[in-house]
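Visitor: Generate coordinates for the entire structure from the input sequences, incorporating the hints supplied.
There are 2 protein chains.
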Amino acid sequence: MVNFDSFYMQAALDEAWKFQGLTYPNPAVGAVVVKDGKLLSIAAHQQAGAPHAEVLAIKDAYYALTKDEEILPINESLHLHNYLLKNAGELFRDATMYVTLEPCFHYGKTPPCSLLIKNLGFKRIVIAILDPNKKATGGARYLKESGLEVVVGVKEQEAKDLLEPFIRWSKSRFIFFKFAQTINGNLTAGTISNIQSREIVHQLRNKIDLLVIGGNTVRKDRPILDSRLVQGRAPDVLIYSKKTEFDAKIPLFKVPKREVFIEDSLERVKEYKFIMVEGGEGMLKATRALVDWYMIFIAPKSLEKPNYTFNKKLRFLHTQNIGDDLLIWSKNG
Amino acid sequence: MVNFDSFYMQAALDEAWKFQGLTYPNPAVGAVVVKDGKLLSIAAHQQAGAPHAEVLAIKDAYYALTKDEEILPINESLHLHNYLLKNAGELFRDATMYVTLEPCFHYGKTPPCSLLIKNLGFKRIVIAILDPNKKATGGARYLKESGLEVVVGVKEQEAKDLLEPFIRWSKSRFIFFKFAQTINGNLTAGTISNIQSREIVHQLRNKIDLLVIGGNTVRKDRPILDSRLVQGRAPDVLIYSKKTEFDAKIPLFKVPKREVFIEDSLERVKEYKFIMVEGGEGMLKATRALVDWYMIFIAPKSLEKPNYTFNKKLRFLHTQNIGDDLLIWSKNG
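Heads up: the protein sequence lines correspond to chains A and B, in order.
Each residue of the first sequence is one higher than the one before, starting from 37 at the first, in the working numbering.
Each residue of the second sequence is one higher than the one before, starting from 37 at the first, in the working numbering.
Don't read these hints as lab results, they were simulated from the structure.
Ideal placement from N, C-alpha and C gives every residue a C-beta, glycine not left out.
Sample of chain B residues at the chain A side, in silico, Cβ under 10 Å:
id, residue
1, Ile78
2, Ala335
3, Lys337
4, Thr345
5, Lys349
6, Gln356
Guide: See below:
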């Protein structure tokens, strides 16, 4: 038999994982709206400044129920709140909201999601975990006191995993190591991952504060290390290297509005909150004690000899297909 | 916006993949029942002789709607058909059936699924692909002529992938290579995969006709190659080896009701239909031209040097979490 609460929460989690890292400094959150047992929408928070997952899920559900096309071009959160409160009427009276994180309860740039959910008359809300952020918690209690049926703890561990980067960068910093390998463990045979995978890396470069890379890679690959595939900005770069001399014509040095550090230490990361490391076996070993998560792209081929080890136990958190590649998010096991 | 047909078909596909290989000689098939937009059940065909996916999905949906516990102990297909026809009344009048393969249309051990779906009054059926088996096709046309809305082709390529082993073993044979590796490509560092992964391998050993293994592995590991973890039967074994002398005390030789061949050729596979190869780099290379699919278990660790290549492009077909391991089904790319 299907456990419906778990099933819909998993759909919310899977949607949120598509935007892991891209919501910085906000958490990745997913939401699903179900009415009379009928799935209406699946949505996720996509980037800071854009509407929260709950608002997007309600927007999509409203459109699914009404086919009112006037809501479609509204992308600003406050306008969506107002439009929905004005037009949704009794539509959500019997609806259930699934959300991977407790809905916010503070007035920020928009009124809190908790208020919207209450005012639209939702009957039930299923929350994977309460918000550990003191500024944001209270939504679940408020909704319970407002008469909704509130369930907390469905897929709790999965939601904790999803939220971990946010917890870490909020408190101190989150460091993840991105690498691409063939199925048999080769890190170096030309361009390993496909264009969609590389676009995701560029989307992340557009969000991170600092990119850490090894000196050998810089000398050999002469990279730009920007976000050109997604027309984004270029992060600051820390080149981890004993030798401090580099050819100044290497493109990464010519990107405007970027700081580049060349240092024989990784101490610099302490000045940043959201840090990506890129590299091969040398950097995997050098950053072993520092890295929180590994973002591993796996290409479907075994053509060259494998070539890395870094003495690590991992825990696989989430797997996605990215075109014909696989992406595995992992933490230390 | 959610594409509901794709979403529910994917749920049916994911369920069916859990039983890939285990339904031999039948195809792996998944089914989902939705009524008034409400998901009622997700089910898959689990083994030959057991009910088809559609029947199990209708059983679960019937129970979800009625809470009639009398249906729960009924596991035999004909009894389920009869019980449902007698008791379901108008329950499925507005329901939609999603199924990864066209429902059967021939009288075998049970009346055809197409007849059950029609007689229960389903309104709509979404089918990923038509049955390529001439004996079984015709269901979609029959249902259309009976007045159902019939949609064919949702997630067609995914359903073709799911069905490929069945197509191959029906026509000639299906050969898959199972191996377990660490994330960085080590095949040999002790027991690599977890107990759940090894149980799945034993479930498959209980279904295959022939297990192919290399002589070096037999000499070194002295294996039993049975299905003891699932109390199953032991398949015939082909030991691929130039040297034909083996210690007769190696446990695999002592298993009753099994043939063991020791041969310097792989020709023997032609006498079988459903064949698993197990081994490391040597066998991957030796069977390169012969193998249809790779079943790759990936353990979340990078502790030892990687050690295989076999000059192959792959296409990843489906990924599942098996406890803390990943399982990737792949074909030649």
